[in-house]
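Novice: Residues per chain are reported as follows:
2 protein chains.
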Amino acid sequence: MKTFEAKRTRGLAEALPRRVAGDASPCGACSIRHLSICAALAPDELSEMDAIATAVDLAPGDPLFDEAEPAEHLFNVTAGTIKVYKLLADGRRQVTGFLSAGDFLGLAHETTYAYSAEAVTPASLCRFPRRKLENLLQRYPKLESRLLGMAGHELAAAQEQMVLLGRKTAKEKIGSFLLALERQAAGRGQPAGPVSVPMSRADIGDYLGLTTETVSRTFTQLKSSGVIRLLQGGRVELLDRDALARLAEGQ
Amino acid sequence: MKTFEAKRTRGLAEALPRRVAGDASPCGACSIRHLSICAALAPDELSEMDAIATAVDLAPGDPLFDEAEPAEHLFNVTAGTIKVYKLLADGRRQVTGFLSAGDFLGLAHETTYAYSAEAVTPASLCRFPRRKLENLLQRYPKLESRLLGMAGHELAAAQEQMVLLGRKTAKEKIGSFLLALERQAAGRGQPAGPVSVPMSRADIGDYLGLTTETVSRTFTQLKSSGVIRLLQGGRVELLDRDALARLAEGQ
DNA sequence: CGGGAAGTTGAAGAGCGTCAAAAGTAGTGG
DNA sequence: CCACTACTTTTGACGCTCTTCAACTTCCCG
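From first to last, the protein sequence lines stand for chains A and B.
Take the first sequence: its position 132, counted from the start at 1, is 131 in numbering that gives the first Met the number 0, and no numbers get skipped.
Take the second sequence: its position 157, counted from the start at 1, is 156 in numbering that gives the first Met the number 0, and no numbers get skipped.
Take the hints with a grain of salt, since some may be wrong.
Identical copies go unnamed one by one, so any copy, or any two together, can satisfy a pair.
As the list claims (entries may be wrong) - Straight-line Cα separation of at most 27 Å, DSS-like style, residue types lysine-lysine; simulated pairs: (1) 170 to 222; (2) 85 to 141; (3) 141 to 170; (4) 131 to 170; (5) 85 to 170; (6) 131 to 141; (7) 222 to 141.
These are calculated hints, taken from the structure and not from any lab test.
Predicted model only: the values in this text are computed from it and were never measured.
Build the full structure now, drawing on both the sequences and the hints.
Specialist: As structure tokens, then:
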């Protein structure tokens with residue numbers, strides 16, 4: 000069984016927090032606001048968010064928080080990719096999601112985080128003290144409503160992922176994964192073209208319930224059969240979307 | 000690959016709806032209110048729920064709704080067990096959850112259901128027209144807040160299930176499953192003692208990402224090693240909780 | 001009681017994991 | 001600019017867990 004060892008180059012404390020409020024009208028100028036929880040607020044209400052937000056920047060591999068740590072902050076991804084994962088006692092790892100611009104992190108019903116979060120690429124986030132954000136949620140029901148909507152989306156995605164983990168073959172898993180990455184990129188308004196796959200084979204494996212080796216072999220297979228093309232810089236071109244879609248749906 | 004064929008004894012139309020409001024003060028008398036979304040409302044506000052709720056009773060095997068059907072209703076389980084599942088094109092099935100008293104069903108962000116739901120045991124639910132409940136949510140933010148809390152719980156459970164599906168062995172899966180069933184029963188205030196396992200081996204397999212045969216074999220193994228005892232009526236006695244806990248955590 | 005579904009058990013096989021090594025890639029410093 | 005190192009990815013050989021296919025047993029419910 001494969002095990003996972005954390006190797007941290009630098010801790011949360013060094014994560015370069017800077018007040019969002021330091022800028023002129025940071026939330027007002029936020030280019031991904033329409034994707035995030037903040038879309039629920041009117042422009043003149045955004046100052047309330049400004050007032051409690053702190054910007055955080057992470058380098059690849061930087062931890063954001065660890066499972067079982069007191070959940071004192073909630074986060075909003077503004078740039079880059081964050082991976083979220085849980086560990087078993089012996090080190091086996093399950094990545095439960097890759098988050099990017101607009102995604103919300105830290106919705107914990109407990110007082111501690113239910114999972115660990117770590118940067119995959121250089122990433123930026125808005126950090127909110129839990130208590131202050133909860134206060135804001137009470138005063139602006141439409142914020143809470145927006146959050147409920149996002150939670151619904153996440154739940155649907157989680158169920159889709161359960162189908163993948165429980166019932167799909169390696170080939171089907173990789174196919175679904177690539178299509179999902181492309182869909183997400185499109186949803187964030189990124190131009191069509193090769194899909195950016197910034198995470199390592201190990202991360203992909205831990206997300207899909209496979210080993211690094213199987214992920215690699217499956218990519219090679221899909222490449223050999225002309226369904227995808229592997230470009231450099233972790234980019235993948237989807238040559239035969241129909242074949243991938245058939246794989247993803249189990250036909 | 001195993002396939003799944005729906006065999007329906009009776010459809011939704013025959014599902015015996017009766018107005019909750021037919022009773023004197025149905026919601027006020029609801030014995031599982033503290034578990035459900037309704038716990039968010041004060042006693043005098045409950046009549047608002049009464050006004051839009053319809054009771055539904057299902058026999059084992061009865062469908063509640065199907066994936067891709069228009070999501071016109073939301074539900075609250077009041078008794079029995081409901082299974083929720085998704086199908087792949089070729090019939091492979093993933094059960095994403097077993098729901099019981101207090102659980103909420105139908106939180107869809109789309110206009111269609113994202114999964115199918117079907118009774119495992121005789122079951123009762125409260126049915127709410129989607130639009131009317133959404134109206135209520137707007138007027139009572141604390142209802143929405145409660146729903147957000149429940150969604151948070153569900154998300155945490157979904158992530159736990161991803162760890163199980165992606166990274167646990169058959170033995171670990173069954174161990175985790177039995178402990179989770181016991182924990183849920185305790186959380187609903189049911190007396191300690193043998194765990195009730197009302198679902199079939201096939202349902203358990205589709206929930207844990209295993210085949211019927213593997214589920215059966217694993218139960219037999221755990222029985223032989225003295226960790227559990229199989230009683231009649233689908234009840235299981237947990238003889239060695241420590242061993243099960245060690246299995247569940249991957250040690 | 002009898003018939004059908006659900007559950008159990010057995011034997012054989014496949015898909016993916018494990019272990020190992022080679023090839024590719026990136027970062028570092030002389 | 002290139003060598004040196006360390007890590008990631010790929011490829012290969014082999015083994016094991018779980019699936020598949022099949023037969024048998026048990027449990028219900030009419």
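Novice: Between residue 131 and residue 141, at a C-alpha cutoff of 27 Å, which is it: within one copy, between copies, both, or neither?
Specialist: Intra 16 Å, inter 18 Å, cutoff 27 Å: intra and inter.
Novice: Within a copy, between copies, both or neither: which one fits residue 141 and residue 170 at a CA-CA cutoff of 27 Å?
Specialist: neither (42 Å within a copy, 45 Å between copies)
Novice: Within a copy, between copies, both or neither: where do residue 131 and residue 170 come within 27 Å Cα-Cα?
Specialist: Neither, since 45 Å and 44 Å both go past 27 Å.
Novice: Given a CA cutoff of 27 Å, do residue 170 and residue 222 count as a within-copy pair, a between-copy pair, both, or neither?
Specialist: Classified as within: same-chain Cα gap 12 Å, cross-chain 36 Å, threshold 27 Å.
Novice: Checking an output row: residue 85 and residue 170, CA cutoff 27 Å. Within, between, both or neither?
Specialist: both (24 Å within a copy, 19 Å between copies)
Novice: Which holds for residue 85 with residue 141 at a C-alpha limit of 27 Å: within a copy, between copies, both or neither?
Specialist: neither (31 Å within a copy, 31 Å between copies)
Novice: Could you place residue 222 and residue 141 in one of the four classes (within, between, both, neither) given a Cα distance threshold of 27 Å?
Specialist: neither (46 Å within a copy, 52 Å between copies)
Hint compliance for this structure: hints 2, 3, 4, 7 are not met, and every other hint is.
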